[in-house]
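K.L.:
One-letter residues, chain by chain:
Number of protein chains: 2
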Amino acid sequence: MSDMEALATRSRAASLSLQTASCKDRNAALSLIHKALLENADKIQQENKADIEAATKLAESGALSQQLVKRLGLSGSKFADMVHGVKDIEMMDDPVGKTTLATRLDDGLDLYKVSCPIGVVLIIFEARPEVVVNIAALALKSGNAVILKGGKEAAKSNAILTSIINDALSQSKTISKDAVLLVESRTAIDELLKLDRYIDLVIPRGSNALVRHVQGSTRIPVLGHADGICATYLDEKLDPEMAIRVLIDAKTSAPSACNSTETLLIHESHISTPFFGSLVKKLTEAVKTVPNVSAAIAHINSHGSHHTDAIISSSKENAESFMRSVDSADTFWNCSTRFADGFRFGFGAEIGVSTNKTHARGPVGLEGMLIYKFRLYGNGQCTQDYGAGKKSYVHEKLEVDEAKFQI
Amino acid sequence: MSDMEALATRSRAASLSLQTASCKDRNAALSLIHKALLENADKIQQENKADIEAATKLAESGALSQQLVKRLGLSGSKFADMVHGVKDIEMMDDPVGKTTLATRLDDGLDLYKVSCPIGVVLIIFEARPEVVVNIAALALKSGNAVILKGGKEAAKSNAILTSIINDALSQSKTISKDAVLLVESRTAIDELLKLDRYIDLVIPRGSNALVRHVQGSTRIPVLGHADGICATYLDEKLDPEMAIRVLIDAKTSAPSACNSTETLLIHESHISTPFFGSLVKKLTEAVKTVPNVSAAIAHINSHGSHHTDAIISSSKENAESFMRSVDSADTFWNCSTRFADGFRFGFGAEIGVSTNKTHARGPVGLEGMLIYKFRLYGNGQCTQDYGAGKKSYVHEKLEVDEAKFQI
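Chains as they are written, first to last, in the UniProt record's numbering: chain V, 1 to 407; chain Z, 1 to 407.
No wet-lab data here; the hints were simulated from the structure. Just to be clear, a hint being listed does not mean it is correct.
One copy or any two copies: either way a pair holds, since identical chains are not told apart in the list.
[As the list claims (entries may be wrong)] PhoX-like cross-link-like pairs, simulated, lysine-lysine; straight-line CA separation at most 20 Å:
1. Lys98 / Lys397
2. Lys49 / Lys237
3. Lys113 / Lys316
4. Lys49 / Lys78
5. Lys173 / Lys24
For clarity, every value in this text was computed on a predicted model and none was experimentally measured.
Just chain V, with the same shape it has in the complex (with noise of 0.2 Å):
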């Protein structure tokens, strides 16, 4: 068995003791991390700053961006937040165990479709070191376990924060400190992916070529979170002002994030007016004019990349158009695109932003870790029994107690 597969092992067998965890289990573990984070504080704060040292001086040599440098960062209000994210995700109502649907097949025989954790999680992200505690708490309380690869930048943070919880998790009697797991070379990650037989669900943050790279190097599925090409379509009928307001947020109050605006489509007869001129003025890259809203929907189809569009306009008619038929995870009328996030869509944790069109698509909270099983109780029922001439079946809906099955 190669190292890869024994971690991988390692991880499953936590994830099935996860599985069976009560909700007062993963939150004893949750604050356990929590009060681990604020005692170790300095020991973070050292080991962040070593990373930081060496990537400025890789900044410093052009082998690094600054943005880069700055996104390592773990000191004041951003160790404060992740800290309180963890109390955050604690308080929450527990997502697992949660009936969604409950059908009497026949007397004495009743189906019910159970909330429960995926498994096993792999998740490869970059820079930012506050995602090992961010990821791990969302795990946690999803009953997962979870694999994590961050970026070689951030390598000590990570290490530092993953030994905590190790340490934070070797207390609790129930769940296994193999709940997280943390990897650190490419070549890990090479290996992870061929061992779909112990991993359920890849989720890969990052560039669209990471991305593209994994889909296309697994036969686990893949939640990918990717770039976006966000596009934002002013309609003939518009309130200028609001419109060049919205427009700014959505291109300029974060250029890297991947829900901010690329593409301007503009309708054509807002060319050579006023309006136009000041806007032009503002926002100096290209811009796309276009007849009517079936063309900008068009253009966003064929050129976008399905995250998140908006349209700014008058026309209830045409928005309704264009959220209807622009085939984005996020379409957004009179408001920035920005607004497409996990945090501010209120699900009070984000795993991210997935590009994927299948399982779980924009801002993903704690339910994009989560599937479901179907329990089926009898009491000695058989197949045979049912069909032309023999018993039917009723399918009757039950009243959902949606927490039956909590434990």
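Once you have looked at the hints, place chain Z on chain V.
P.N.:
Here is chain Z on its own, set in the frame of chain V:
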């Protein structure tokens, strides 16, 4: 552009038109198909007969199994069921445009999560030609375009059914006949699996080898419908008569079905009892004894296929532990594994039984063909207006009007 890329482009165009087709339009298309199938019954029987004759010859020479020949048939009640299935699907509630979440992010900024079609779905299936009609009907109802690849033994039946569906769709004003396309060769599949730009989901229904081949050859998300290695565990305390009856149904009522029990686990206390004696007389295959329910769970989690597993027990505690801990799509108590089926579960229609742990698991009804998009309705909001010292999100749960966006 290759032939297959041209075909995928047509499918994608049809899918975009389907995204905006009303429920009335989609149902009208189903009605046209229903009528056309009845009107062309003779033609269908003729082509099906040709398939069966060719397959029978192959079976006589041993090149094909008799079982497969049997599955090709499309006469009598099988034809009636197939045609009636289209009407059943037409009568079902519209699954598209259903609101499942509504949140006020702030005054005048409302978020909705709305079900929508996935887009273009590639479905690979074997033998039974009625799958063409089942899947086409499910796809149209759920607003998806499909590309179908059936078994070569049913080539003539598949072709005539697709041609009748296409002719019927050509009478629809809104839905393109390209919504249902058929490809014939294996090489077509290899080409299509590269076209992740156009195809959103691939559903291989068949052997484990087929599912693994597809998973290993594409970036497109795969919803696998593979063989099951289902287990039934006979616990220490149980009703012997019930155990034998359920087991016979589970093992022998359709031995080649994916939900048939392969593995019999039996509590060691039953060895050398009269109960066990009468059991093994009825069941000739190998049996594994285990010392307790935990060992049964561990065996199933290590050696099973995560499809369907059952426990026969008089102990509710053991049953609950089994159902929670067995990591399978379906976990049953005191009934046959063969209940794992979309029709028996009351889903009305079935895409198959998924062995995935993401997107859709176990018996999959229409909802397996759906995803969702987020719609955000604003009046000029910018993300930079929110944050410390600025506006706050309210995240107020709104009452959900499920039908708000249905057309």
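K.L.:
Going back to the hint list, which numbers does this structure go against?
P.N.:
Violated hint: only 2; rest satisfied.
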